[in-house]
Each structure stands twice: as C-alpha cells, then as structure tokens.
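Engineer: Can you make the complete structure from the sequences, with help from the hints?
2 protein chains.
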Amino acid sequence: MTSRRLSTLISVDDAVALLADVFKRTMELEVVEERVLNALGRIAASDVTAGVDVPPFNRSAVDGYAVYAGDVVNASIYSPVELALKGVVSPSDKPPSECLERGEAVRVHTGSPIPCGADAVVMDEDVEASGSRVTVFKPVSPGQNVSRRGEDFSSGEVIVAKGTLLGPLHVAALSSIGVDKVWVYRRIKVGVLTTGSEVCEPGVDSECPTIVYNSSARLIAALLRSTGFIDVRYYGVFPDDPAVIGDAVVEAVSENDLVVTTGGTGVSEGDVLIDALAGVGRTVFRGVRMRPGRPTTLTLVEGKPVLNLSGYPVAAWTGYEAILMPAFKKWLGLGNLERPVVYARLARRTPNTVGYRSYIRVSLRDAGDMLVAEPYMLRGSGVLSSLLKSQGYIVIPENVEGFEKGDLVRVHLF
Amino acid sequence: MTSRRLSTLISVDDAVALLADVFKRTMELEVVEERVLNALGRIAASDVTAGVDVPPFNRSAVDGYAVYAGDVVNASIYSPVELALKGVVSPSDKPPSECLERGEAVRVHTGSPIPCGADAVVMDEDVEASGSRVTVFKPVSPGQNVSRRGEDFSSGEVIVAKGTLLGPLHVAALSSIGVDKVWVYRRIKVGVLTTGSEVCEPGVDSECPTIVYNSSARLIAALLRSTGFIDVRYYGVFPDDPAVIGDAVVEAVSENDLVVTTGGTGVSEGDVLIDALAGVGRTVFRGVRMRPGRPTTLTLVEGKPVLNLSGYPVAAWTGYEAILMPAFKKWLGLGNLERPVVYARLARRTPNTVGYRSYIRVSLRDAGDMLVAEPYMLRGSGVLSSLLKSQGYIVIPENVEGFEKGDLVRVHLF
Numbered sequence: 001m002t003s004r005r006l007s008t009l010i011s012v013d014d015a016v017a018l019l020a021d022v023f024k025r026t027m028e029l030e031v032v033e034e035r036v037l038n039a040l041g042r043i044a045a046s047d048v049t050a051g052v053d054v055p056p057f058n059r060s061a062v063d064g065y066a067v068y069a070g071d072v073v074n075a076s077i078y079s080p081v082e083l084a085l086k087g088v089v090s091p092s093d094k095p096p097s098e099c100l101e102r103g104e105a106v107r108v109h110t111g112s113p114i115p116c117g118a119d120a121v122v123m124d125e126d127v128e129a130s131g132s133r134v135t136v137f138k139p140v141s142p143g144q145n146v147s148r149r150g151e152d153f154s155s156g157e158v159i160v161a162k163g164t165l166l167g168p169l170h171v172a173a174l175s176s177i178g179v180d181k182v183w184v185y186r187r188i189k190v191g192v193l194t195t196g197s198e199v200c201e202p203g204v205d206s207e208c209p210t211i212v213y214n215s216s217a218r219l220i221a222a223l224l225r226s227t228g229f230i231d232v233r234y235y236g237v238f239p240d241d242p243a244v245i246g247d248a249v250v251e252a253v254s255e256n257d258l259v260v261t262t263g264g265t266g267v268s269e270g271d272v273l274i275d276a277l278a279g280v281g282r283t284v285f286r287g288v289r290m291r292p293g294r295p296t297t298l299t300l301v302e303g304k305p306v307l308n309l310s311g312y313p314v315a316a317w318t319g320y321e322a323i324l325m326p327a328f329k330k331w332l333g334l335g336n337l338e339r340p341v342v343y344a345r346l347a348r349r350t351p352n353t354v355g356y357r358s359y360i361r362v363s364l365r366d367a368g369d370m371l372v373a374e375p376y377m378l379r380g381s382g383v384l385s386s387l388l389k390s391q392g393y394i395v396i397p398e399n400v401e402g403f404e405k406g407d408l409v410r411v412h413l414f
Numbered sequence: 001m002t003s004r005r006l007s008t009l010i011s012v013d014d015a016v017a018l019l020a021d022v023f024k025r026t027m028e029l030e031v032v033e034e035r036v037l038n039a040l041g042r043i044a045a046s047d048v049t050a051g052v053d054v055p056p057f058n059r060s061a062v063d064g065y066a067v068y069a070g071d072v073v074n075a076s077i078y079s080p081v082e083l084a085l086k087g088v089v090s091p092s093d094k095p096p097s098e099c100l101e102r103g104e105a106v107r108v109h110t111g112s113p114i115p116c117g118a119d120a121v122v123m124d125e126d127v128e129a130s131g132s133r134v135t136v137f138k139p140v141s142p143g144q145n146v147s148r149r150g151e152d153f154s155s156g157e158v159i160v161a162k163g164t165l166l167g168p169l170h171v172a173a174l175s176s177i178g179v180d181k182v183w184v185y186r187r188i189k190v191g192v193l194t195t196g197s198e199v200c201e202p203g204v205d206s207e208c209p210t211i212v213y214n215s216s217a218r219l220i221a222a223l224l225r226s227t228g229f230i231d232v233r234y235y236g237v238f239p240d241d242p243a244v245i246g247d248a249v250v251e252a253v254s255e256n257d258l259v260v261t262t263g264g265t266g267v268s269e270g271d272v273l274i275d276a277l278a279g280v281g282r283t284v285f286r287g288v289r290m291r292p293g294r295p296t297t298l299t300l301v302e303g304k305p306v307l308n309l310s311g312y313p314v315a316a317w318t319g320y321e322a323i324l325m326p327a328f329k330k331w332l333g334l335g336n337l338e339r340p341v342v343y344a345r346l347a348r349r350t351p352n353t354v355g356y357r358s359y360i361r362v363s364l365r366d367a368g369d370m371l372v373a374e375p376y377m378l379r380g381s382g383v384l385s386s387l388l389k390s391q392g393y394i395v396i397p398e399n400v401e402g403f404e405k406g407d408l409v410r411v412h413l414f
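Heads up: the protein sequence lines correspond to chains A and B, in order. The first sequence begins at 1 in this note's numbering and counts up one residue at a time. The second sequence begins at 1 in this note's numbering and counts up one residue at a time.
A couple of the hints might just be wrong.
For identical chains, the list gives no copy identity; a pair is met inside one copy or between any two copies.
As the list claims (entries may be wrong) - Calculated pairs, BS3-like style, for lysine-lysine (alpha carbon to alpha carbon, straight line, at most 27 Å):
#1 K162 to K389
#2 K389 to K181
#3 K389 to K330
#4 K389 to K189
#5 K162 to K94
#6 K189 to K405
#7 K405 to K181
#8 K94 to K389
#9 K94 to K189
#10 K405 to K330
#11 K94 to K405
#12 K405 to K162
#13 K329 to K189
No lab work stands behind these hints: they were computed from the structure.
Structural biologist: This is the structure:
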C-alpha cells in the first residue's frame, strides 16, 4: 500500500525531463512523406531549404513601365521625360535576355520580370504612352515598385526548421518554393482511459445512478486530438478493480506509444490505479510539486510510458499543460508550441504554497489601455467551468509566496 | 473593360455586411447530430442546457471525515473533539438517506457524497480514528473541503451557447453534464482556386519555367481547413483565359456553398478574372478600402458567392482575416472566433493612407515588463515571410493618419 503515498514528490522540471527521457528511450518515431496541403498540425522531421529565390527575379510590383531611374530623375509635369518603348513583358514571360538601354522603357504588369538594366518601375498613372513613345511625369528612385529577387525567401534559406509544428503559413511558404511534399513524423499514438467505479460514460452508460460523468479523460482526449500530431484512441471508463485496470492498461499499452489515464491517483482506499500499475509495471515518479495536479504519476508498463493524471478536470488539464506537452516539446525539439504570453495586472492577491509551482486560471478584462487578470481561486480543481471562463493562466514559481494585487503578471493565453 | 476598374471602393465594414448578407440569403446550413468527441472545431447549432447539477450533490473534496463544523469549532491539539463514527460513504455511493446527527462523523473519500446535516470535511491529517471513535484536532469552517452541489454547472444553465466554436473545454463541459451528442451545423463547403498563366502548382506541374509557384490559394485553403467547420475543395491553378476561368468557377460553384479565388483581381490586361466573372455572374462589390487587399471583389455566380482575393499572399490573407472570417462570424453569430488581443508599444512610426483601413503585421518582442511591436512595412503584400515572422497584426482605422513610435497599440495575435 505504500506505493499509493506521495512521499517523494519531484519538481515540475524534473517530471518533464523524466517524461521526455522516457519518450526518447521508448518511442521510435518514423518519418513519413505527406502532401503539404495535408500536413497541417504535423511536425516537420527535417529542415526544408529553398531551392529557388522568391521572387525568382526582380519583378514589377505594379502596372507601369520599367525604366532606368537615372533617366527620369528630373521628370515632372513641367519637364516630362520621353523614353522609347521597347516592347512588353508579361508576368508569364521569362526575364528578357536583352538589357534595357538608357532612354528606353518596357511595358510591364504586376509580377512581370524586369529586364536587366531597368532598376525601377514608373506607375501607369505617372505616364502617358503613345505609339512607341512613353512620356514620364514623375521621377522614381532606384528599386521603386520593384520586388527584388529573393526578397521573400532566398535559395539556400531554411524555410521550415525541423521540429516546426506546421500551420497554414508554413503550407504557403513551402508551396511558394515549389514544395508539395514534406517529411513529417508519423502521428504519435496515445491511448486515453479513465478509472472510477462511480464514473459514467456519456452515450455508453444508459443509466447513471451516481450522476457523475466522465469529463477529464474526454478533455485530455480532445486536447490531444486538437494538436494534429497525435492519434488518439479512447478506451472509456474502467471500475476501481486492480485486475480490470491492469488488463485495460496492458491492452492500451500494446496498441499505443503512450497511455494517459485520469483518476484513481489519490491516496485513499478507493484509488486502486497506482497499485494496479505497480503490479504490472514500474513507477518512474509518483507525485509532482505542482498545484493542482500533485498526484501526477509516471509508470512504465511493458516498457511503455503510462502517465497518470488526476481525475479532476482542472488538475488533469494542468498535468497535460505543465508536463505532457512540455515533454513532447523537449523530446521533439518543437519550436513553436508555446502559448502566446501577455502582461496583465493582477486583480487580487494570489497566494502560493512555497515549494510548489502553481498554475492559476485567470480571466482577462480589457481595461482600455491594459489587461487585468482576475484569478480563479475557487477551491476547485474540479471546477471545469473556471477553465471555460478563463482566457489563460499564470504560473507562480516554487520559490515565491504568491503575487500581490496589482503585480504585473505574465499570462499564458489559451 | 470598365468592370476591371476600382471606381467604387467600399469600406471593410460594408464589405463584411454585404458578404454576411449574401451568405444568409444563399446558404442553407442544415444541422446535424455529432458525437461530442468528434465535434471539435464545429459550430453549435443550438444552446445546450445542463439537465443536472455538477457536482450532483455536496461532495467531499478531500479524504477525511464529514462533520458538523459547529461540533469541532473549538477543536485543537490541546482540546481535541471526539465524534462517533457512523460508517463510510464511498464516491460510488448515493447520498445517504440518513442525516448526520450532532456529535457524529462519517468517513468519506474525495468525491464521496456528504450526508445531509454534515457541512464540512476534516482532512485525514487532522484526525485520529480508532474503532468507532474519531478524534478531531483542528476546526473546520462550514463548507470547508466540500464541493457544493451545482458549484461547477447548475441544472438549467446554458453550458454551450448556439454559435460556439467547439473546443476541447466544451467537449469536457458537455461530457460533465452527460451529453454525448450535440447539434452542430454541417460543414460549409468552400471551393478554392487560383488564376494566373504564370503560376505553377507544386506537385502538379512537373516543370515551372516561370519559377512562380502558387502559394496564395494554398494559404487560403489551409486557413479554411484549420478552422474545423469548413470542408475545403481545392481546384488548383487556371490560366488567364476568360472562358477557362468562367467554366472553372461555374463548376466550383455547383459543388460548393462558396468559392474563393486568388489572383487576377488587378486592373491590368492580364487580369481577366473579373471580366470572366462579369460574363457568368453579377458583381456585388469591386474593391475595398483596405490595405493590403484593395482589389478584393465579391461576385454572385449562379446565385452563389464567389469571393475574389488578391494573388499576393499577404493581401489574400488580409481578405480572409478582415472580410471572410468576420462575415462568417456575423452570419452565424460565432461567439468565440476572436483572436486574443494584447497591448504593445509600437517600435516605429507606422503611417496610414486616410480613408483606408490598414492591416499591419507585427512581430512581438518581450521587453521584460511589456511587449514591443515591430511593424513589417516592407512594400510587400507579396512578402509571405513577413507573415511567418510576425506574431500578430495591428489595425489602423480609416480616419487615422498612422500611429507614432511608442504608441500603445492593440495587437491581434495569430
């Protein structure tokens, strides 16, 4: 029964490091080729380098006439400059092989390659064209109205770094350099289940005498699914019977890279999960110095990681946010998984238990020229509504007794 | 040819209102029942109201003994209070029918229903139990360590409002009240295509003599796909031939609720899209007073909306962000589609053309106690890399000449 006790709590940082290390040792994450348009939410498995310049040549940013800027430096309405029209270059033409001579102009459209020699484009509205003559009424400076070759991306530049979580902008950037397929890690397979004889599964249990429904495991399943790089397998609820739980976890472990459980992590007699897992596996850590989510536990079963989160929704969420995601980030070198951080004034004093790292949900109010953060201090790591109503969270470090009213705090946005 | 000209620019707000109105008049958005776990990213089609309280009864938040707080008000190590143990209530038990009498205590675990009469729970560590006697060494106040019935959600409360974009927290909240299926709008079908004889499609065109690859339409397709409530059909690139474009748009319109095009919206001879659409449909508006994205155009083809965005990636993105998404929001009453807003100091003077609403990408730098916003003023609505490197954008209203260096600005985060 001693395994239930939380006698050797470790720090959040140590928990993250241990979990990342277990991921590294236990998971083989093959890379697969995926079409860029279907790679949203996936993780790049290698750097992608541009093989071309974007734009591929100096091109016009407007409709007008490509010129030597030096030819029209003194152009004005009172003393227009006449140039000889030397033809048309359309956006689908290659850059002309012949260079522009002094005193000449070439008709161009938005996107047209600029002939060598030309270094600027006079816009249509500053020109009068007639037959083979172009009359310019306004000067342009060198480079004006020209998109320089390689201005957006240059050949040899890393467009997407290994470890990037691919979003719509990466899809566009890869497409712009002509890339249609990209190497990504295969999706990580995560099994999710919950324990508790009192817990009913919506849609499965037709009656629920306790009126206690599973929300924590479904929250974790939905969070994992929304990342895009995880395949979630959802196993539902298992009663507080060590043999049943042991079998369920062993089965889930055989079908996944990682299993996440919620519930049963407490120290009371009904919480049999930890004993059940001790029977089929080995405990890596048991309890973390964080609030909420203190009983968070990591076990190895059949050589695979089983992360046990609290049965309380907010505590389970904290385990996801403070330990699971940072461990993925550390293991895979994820470059852009961070939540945006904003500064806000704290609306109320918010205490902390020294030695623990606290994750406090806050709602943000726009005070006109700054944000005010209202902390949710309801006892409740069970209080799911506090998560729904908040827009982010603050973290109080282990060595701090709390934040005072009016303190400037960093808010991690949902 | 006059249809090409941008002679009747309308405001961003008018463009959003017109597009939302067209959506309302042309789209029939049926509601479908979806399992909550599969409803991520979908839009709730009706309010969902709790039929139960969460928690369903007063329950213990800790392991310990349920008591009358009044009985132990004077308990201390020096004068402990003895109570009579009246049994055990486990988390899977129903609330006991018998009430607690004064002088009595009941063994409870985290999640156990509290018997009527009891109004607090003394934690294990403040108690010594021996046989039928419980000795309490510390007082508790009424309500202490008890999760009140309905504290999280109460019966009759709207848990998810119509028009909510469903995220992981909504999945959890719905699950906690026992809901497994939810009414959502069917996905909106959007066709995406691009035009431009010079544009190659990565993965389709084996050679690309112009070295100009389609990125704008792929950006829009990826953005739409990542919303979760849109089914994207991607049609690729079509050359600047009015008949070909007309046919492509008519076909796309027949298979979708909305068609979004990129490219060909300019006023030069090569931009034939607008004429092609004028031939098969009717222009609703042609040009918007915003920067970038000025040539954004709305056409009705076969009674369905066709939104024409600029071929420049940043300008196309602005049309998506400033017009298309706000129109969806307005039409469907989407409650939580807003990007988070933060305040930052502007690093540089940022001018605006009065009469236009400008959308300026910014990168954010954490200056220790505040954020500094560095605007990307590169000419380039073609400069996709500026979007990739920025973390959000600022909006300069029509009636403002620009923002000064050091101004406090609202940054909409990506």
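Engineer: Hints broken by the structure, by number, lowest first?
Structural biologist: The structure conflicts with hints 4, 5, 6, 7, 8, 9, 10, 11, 12, although it agrees with all the remaining ones.
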